[in-house]
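Engineer: As a plain string of letters, each chain reads:
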Amino acid sequence: MNKGEAIAGSVCVVLGALMLLESIKFPYFVEGVPGPGFLPLWTSFGIVGTGLVLAVKGFRPRLASQEGITWPDAAGWRRVALMFGALAVSLLLLELLGFMVTTTLFMAIVIFGLGVRSWRMLATVPLLSAVGLYVIFAVWLRVPLPKGLLAFFG
Amino acid sequence: MDLVSNLSVGFAVAFTPINLVVVTLGVIVGTLIGALPGIGPVAGISILIPLAFGMNPTSAMILMCGVYYGCMYGGTITSVLMNVPGESSSIMTCLDGYAMAQKGRAGPALTIAAIGSFVAGTFSVVMLTLLAPPIADVALRFGPPEYFALMLLGLSAISGLTGGSRAKGYAMAFIGLALAMIGLDPIGGAPRFAYGSLELMDGIGFLPIAVGMFGLGAVLTMIDEHREIQIMKTTLKDMLITKQDLKDSAMPIVRGGLIGFVVGVLPGAGATIATFLAYAAEKQISKTPELFGTGMIAGVASPEAANNASTGGAMIPLLTLGIPGSGTTAVMLGVLTLFSLQPGPLLFSKNPDFVWGLIASMYIGNVMLLVLNIAFVPAFVAVLRVPYKVLAPLIAIFCVVGVYSVNYSVFDLWIMLGFGAIGYLTNKMGYPQAPLVLALVLGGQMEVSLRQSLKMSEADVSTFFTRPISATIMAVVIVIVLWPVLNRFLFQPVLKGLRA
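From first to last, the protein sequence lines stand for chains A and B. Per the working numbering, residue 1 is the first one in the first sequence, and the count goes up by one each step. Per the working numbering, residue 1 is the first one in the second sequence, and the count goes up by one each step.
Honestly, the hints are just simulated from the structure, not real lab data. Remember, predicted model here, so these are calculated numbers, not experimental data. Be careful, since some hints might not be right.
[Stated by the list, open to error] Pairs of lysine to any residue, SDA-like flavour, derived with a Cα cap of 25 Å: (1) A/25 - B/340; (2) A/25 - B/200; (3) B/455 - A/42; (4) B/247 - B/288; (5) A/3 - B/200; (6) A/3 - B/165.
[Claimed, not checked] Every beta carbon over 10 Å from chain B, so not counted as near; a handful from chain A, in silico: (7) 19; (8) 33; (9) 69; (10) 101; (11) 121; (12) 148.
We put the beta carbon where it would ideally sit given N, CA and C, even for glycine.
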């Protein structure tokens, strides 16, 4: 059994089934022509069908010659988790801390986590990144980026 | 005469200072994105959408297209100097390009790639100039059934013909269609799959999904393995080529250009397949096929010509029919819809400044790229030395600010982050992302065409098979979908019989 493939296929089946249950609530035909439920129903059949094929191939890999998935090693997963986690925390803090502070902290934490140990880089890259992006988006494109803590400075 | 006046309108638009700046920016950024392993044209264009959104539609598309064909040039640099393809359409260039570099001929490999790209890229823009208007004229006669059939063709080709597993391609396309249905029903206006959420009622935006799947997905893939970049040094003096080099490359460039253009027009094929075919054709024709892979200049010239020619080809179905045939052009279609521009036959009559300005900019961009990729290769190589540890988080935060800048919505950012994870996982597991994004972009229009067609025919499905154009397209769709069965039970036995 190819675990990853089997899980992915099963997820498709479940998603398709949920969509199917929702789709049947919409009218399939309205006054003799296809209504809002028409395409969703057929699409959900498609998701369930392809999901089943993929799940069966995952459970019985001998049925299909598949290349193995090359997952990262433990250190690789840590780097991915660091980036993903730091992004998620940044989204939570973006409006509270503001763009400049969040971006500087994000860059500093992630480049340190990815292995940058030069103090010169750790001090300059995060700040320059935040300022550079601010110039592009807030000054040039006039995007009202969240100011958060720095709202005080106008 | 009409063509000349259209082109002169186009050049007047393309030569405005802002558009000259934009095309220069586009081709430089495109070359860099193409050169960076892990970030291809589709990721690059997705990441840059928010920047483009701050411009007028013509400048925005000039930027996107500049990035698109700039990528094709840039991919060569890393293939030749590092033996790592900058993107998938440069894989074939590695074979002979890196072998040439090992023999101390990196400069000529890069120069001939730039010349080949320029010749073939310009050829494909000429073909785009000549072929797009008549195709748009024909397409004016298309009704909803033809449009539905065309969209189905684009979707089934991109799902069934690209990637390793057809089932995975179709699954992604169906999921993309499902995502497109979230929000208000395009005909009746009833909410679907919104669960009372105002944000979902508006539908899931194309932008956060594209940036998440392609941009963030590429960033996560980039950092999950430890990369040590070793780049060979080049100087401007090394870039000179000999007369013999030019002679050996002339015909491969012509053949590569032709193959690339034709493959580019076809839905679902794209630049990568074009380079494989061009390389294979060159090897087949060559008197010394055994020398391919050891540093033959034809092995660099032909695929490089092909990948560039495919970009002009790919613009034809996008601009004339509004049906993209690849992930990159699907993202471009998404960008056009963000600007409320509807690509298709009417674009040529309604927005001539836009279409011809864009086409004219492609001539200018190709000239710029020729100069940039011969004279400034050392400068691009210097940028490649920026470590991934810095580049990856910078691109990630650029995605965040970019998506925020369009709707000022933190909800969009969460969608982007979610699709970043999905993009990473699907990338790892071999689920192609282009079908999902294409289905998302085409979904709404496809549903409208389908329901309008069935309304016209009073719910008679045969309408798709009785009108000549839609019937022909549907026949191709059926062949693509049933290809494994047809191939096994029909074509293979017949071929065997013929051989016997």
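Engineer: Does residue 42 of chain A lie within 25 Å of residue 455 of chain B when you go C-alpha to C-alpha?
Structural biologist: holds, 17 Å
Engineer: Tell me if the straight-line CA distance from residue 3 of chain A to residue 200 of chain B falls inside 25 Å.
Structural biologist: At roughly 33 Å apart (the allowed maximum being 25 Å), residue 200 of chain B and residue 3 of chain A break the hint.
Engineer: Over 10 Å to the closest beta carbon of chain B is the bar; see if residue 19 of chain A clears it.
Structural biologist: Check fails; 6 Å does not lie beyond 10 Å.
Engineer: Is residue 3 of chain A close enough to residue 165 of chain B, meaning Cα to Cα at most 25 Å?
Structural biologist: Distance ~17 Å between residue 3 of chain A and residue 165 of chain B Cα, so the pair holds.
Engineer: Going by Cβ atoms, does residue 101 of chain A stay more than 10 Å from chain B at every point?
Structural biologist: At about 13 Å from chain B, residue 101 of chain A clears the 10 Å cut-off, so the statement holds.
Engineer: Just checking, residue 69 of chain A versus chain B, shortest CB gap more than 10 Å?
Structural biologist: Its Cβ does come within 10 Å of chain B, the nearest being 5 Å, so this is violated.
Engineer: Taking 25 Å as the top limit, are the C-alpha atoms of residue 25 of chain A and residue 200 of chain B close enough?
Structural biologist: holds, 18 Å
Engineer: Hey, residue 25 of chain A versus residue 340 of chain B, does the alpha-carbon distance stay inside 25 Å?
Structural biologist: Violated, at about 32 Å.
Engineer: With d taken as the least Cβ-Cβ distance between residue 121 of chain A and chain B, does d exceed 10 Å?
Structural biologist: Violated, since 7 Å does not exceed 10 Å.
Engineer: Would you check whether the claim that residue 33 of chain A is not at the interface survives, using Cβ distances to chain B and the 10 Å cut-off?
Structural biologist: Violated: least Cβ distance 4 Å, not greater than 10 Å.
Engineer: Is the Cα-Cα distance between residue 247 of chain B and residue 288 of chain B 25 Å or less?
Structural biologist: holds, 16 Å
Engineer: Verify that the Cβ of residue 148 of chain A lies farther than 10 Å from every Cβ atom of chain B, and report whether the claim holds or is violated.
Structural biologist: Per Cβ check, residue 148 of chain A is outside 10 Å of chain B; nearest 12 Å; holds.
Violated hints, in rising order: 1, 5, 7, 8, 9 and 11; the structure is consistent with all others.
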